[in-house]
Amino acid sequence: AQSVSQHNHHVILSEAASLELGCNYSYGGTVNLFWYVQYPGQHLQLLLKYFSGDPLVKGIKGFEAEFIKSKFSFNLRKPSVQWSDTAEYFCAVIPAGAGSYQLTFGKGTKLSVIP
Amino acid sequence: EPEVTQTPSHQVTQMGQEVILRCVPISNHLYFYWYRQILGQKVEFLVSFYNNEISEKSEIFDDQFSVERPDGSNFTLKIRSTKLEDSAMYFCASTPSAVGNTEAFFGQGTRLTVV
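Protein chains in written order, with our numbering: chain A, 870 to 984; chain B, 465 to 579.
I should point out that these hints are in silico values taken from the structure, not numbers from a laboratory. There could be a bad hint or two in this list.
What the hints assert, rightly or not - Examples of chain A residues toward chain B, derived with CB under 8 Å:
{"hint": "1", "residue": "Lys918"}
{"hint": "2", "residue": "Phe974"}
{"hint": "3", "residue": "Gly975"}
As the list claims (entries may be wrong) - Quick list of in silico lysine to any residue cross-link-like pairs, SDA-like style, CA-CA up to 20 Å:
{"hint": "4", "chain 1": "B", "residue 1": "Lys506", "chain 2": "A", "residue 2": "Ser874"}
{"hint": "5", "chain 1": "B", "residue 1": "Lys506", "chain 2": "A", "residue 2": "Lys927"}
{"hint": "6", "chain 1": "A", "residue 1": "Lys976", "chain 2": "B", "residue 2": "Gly504"}
{"hint": "7", "chain 1": "A", "residue 1": "Lys918", "chain 2": "B", "residue 2": "Ile502"}
{"hint": "8", "chain 1": "A", "residue 1": "Lys940", "chain 2": "A", "residue 2": "Ser895"}
{"hint": "9", "chain 1": "A", "residue 1": "Lys979", "chain 2": "A", "residue 2": "Asn877"}
{"hint": "10", "chain 1": "A", "residue 1": "Lys976", "chain 2": "B", "residue 2": "Asp550"}
{"hint": "11", "chain 1": "A", "residue 1": "Lys979", "chain 2": "A", "residue 2": "His912"}
{"hint": "12", "chain 1": "A", "residue 1": "Lys927", "chain 2": "B", "residue 2": "Lys542"}
{"hint": "13", "chain 1": "B", "residue 1": "Lys542", "chain 2": "B", "residue 2": "Ile502"}
{"hint": "14", "chain 1": "B", "residue 1": "Lys506", "chain 2": "A", "residue 2": "Pro948"}
Quick reminder that beta carbons are idealized off the backbone N, C-alpha and C, glycines included.
Assemble the whole structure, with the sequences as input and the hints as a guide.
Structure below.
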C-alpha cells in the first residue's frame with residue numbers, strides 16, 4: 870500500500886518569503902499526485918495535480934510543484950508567499966490507473982504567514 | 465464553480481448517540497466518498513459509493529458506519545453509536561469517474577465532537 874509523508878507540521882513565514890513544502894510518497898508503481906489546500910473554514914481545494922508529462926506543474930495562486938521520480942518526491946513551492954496563503958496544505962497520491970479512487974493523504978502542513 | 469457542500473459544519477454529540485452527516489455532491493458526479501481526519505493525523509479514506517452501493521471501504525468503516533443516498537442529491541454518513549474516538553473532521557468528496565487521473569472535489573468538512 871502507498872503512503873505519504875509531509876515533513877513539516879507547521880511552517881511560519883513572513884510575507885514575501887519563499888515557500889517549499891516537502892512531500893514524499895512510497896509506492897512501487899506509477900502514481901498521480903495532488904496538492905490540496907484548506908483555508909480556514911473552507912473546503913479542501915485542489916492546488917495542482919500531476920498525472921504525466923512535464924514534471925514541473927503549475928497550479929493556482931502562483932504555486933508550483935516538481936515531481937522527482939527518483940526521489941519519490943512532489944514538493945510544493947511558491948516564490949513569494951502572502952498572508953492569504955495561510956492555510957493547511959495536503960499532499961495526496963493515488964496509483965495511476967487505479968480502479969477505485971482512494972486518495973492517500975499526508976498529515977498536512979499548516980502554513981502561517983505573518984504580515 | 466460547482467461545490468460539494470456539507471452540513472452541519474460542526475456537530476457535538478454524546479457518546480452512544482447516532483449522528484448523520486450530510487453532503488450534497490456535485491450534481492453530475494457519479495462517485496461519492498467519505499474521508500476523515502482525526503486531529504493531528506492523516507486524512508483517511510472511509511468509503512466510496514457508486515450506483516447506490518458501497519464500492520470500497522476501509523477497515524475503519526465498520527458496522528457502526530453506514531452510507532446512503534436517500535434522494536437524488538444528498539449523500540449521508542451515519543454513525544450508529546458514536547464513540548469518543550469518532551471525533552474527527554469528516555470530509556465528503558465526489559468525482560465524475562473512478563479512475564485515478566481525475567480530480568476529487570471536497571466539501572468543507574464537518575467537525576464531529578463526541579463527548
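*Could you tell me which of the hints above the structure violates, numbers in ascending order?*
5, 7, 12, 14
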